[in-house]
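*Asks:* In case you want the letters, here they are:
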Amino acid sequence: MGALIGELIVDIVSGIKNATRESIAAAMRASADKVERGDLVADDALERANKDQSKLDAIRARFGE
Amino acid sequence: MRKAVILFTLATLGGCGGSLQKVHKSAYIGGAVTKSVVEETHKLWSEQLNGRADDCESSSESRAEFDECLGPFAHNDDVVIALAFYNKVAELLFRVLADPDATKEQILDVAARVIGAAEALFALMPNSGAPEKIKSILGK
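Protein sequence lines, in the order shown, are assigned to chains A and B.
Every position in the first sequence, counted from 1, becomes a number in this note's numbering once 140 is added.
Every position in the second sequence, counted from 1, becomes a number in this note's numbering once 731 is added.
Hint data in this document are derived by calculation from the structure and do not stem from the laboratory.
Treat each hint with caution, since some may be false.
[What the hints assert, rightly or not] The calculated lysine-lysine pairs, modelled on DSSO-like cross-linking and capped at a C-alpha distance of 30 Å, are:
hint, chain 1, residue 1, chain 2, residue 2
1, B, K819, B, K774
2, A, K174, B, K819
3, A, K174, B, K774
4, A, K174, B, K756
With the hints as constraints, model all of the structure from the sequences given.
*Replies:* As structure tokens, this is what we get:
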């Protein structure tokens, strides 16, 4: 299951057009015995968003009120 | 965009409303694919935001000018809140999928909330390519 999920995510991340309905169905047919938190929660995006916000706040602070 | 997300929801969840095991699998796959699209969509938003912030910093003379120059990126704080909310719901999906006593209805309810949180997030990031990514996943 982990390998199939990983393969599917790599397809999407690299922008490959082959991640079709068939590849999702193949992953669904596999067993989901172990649920991984990292497969579901977008921790990296939240960390990046907070970093971006800090940058905007720092620039605003330099301009003052 | 809304239609694309609904299509995605139907394809990943609605089409597999059979046994608990099938619902469990499809919710897991749906959650993993949604997370991947969220990550990629936000990466693009972040790249655009940083480029705009650098340009606007050099061309602006006040905070108000800077915010005006940023356009939609000035409201990145809303994206932070929407992402934090999405992660809370995704965490809930993780917990319910890891719970051996969770019912089919509980799994479907939380999975639908994940899709709703993702939809709200995508709405805050225009031109981020989410609909195209979802369509490519569906092979449309």
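*Asks:* Each hint: holds or not?
*Replies:* Comparing the hints with the structure gives:
no.: 1; hint: B/K819 - B/K774; verdict: holds, 19 Å
no.: 2; hint: A/K174 - B/K819; verdict: holds, 20 Å
no.: 3; hint: A/K174 - B/K774; verdict: holds, 28 Å
no.: 4; hint: A/K174 - B/K756; verdict: holds, 10 Å
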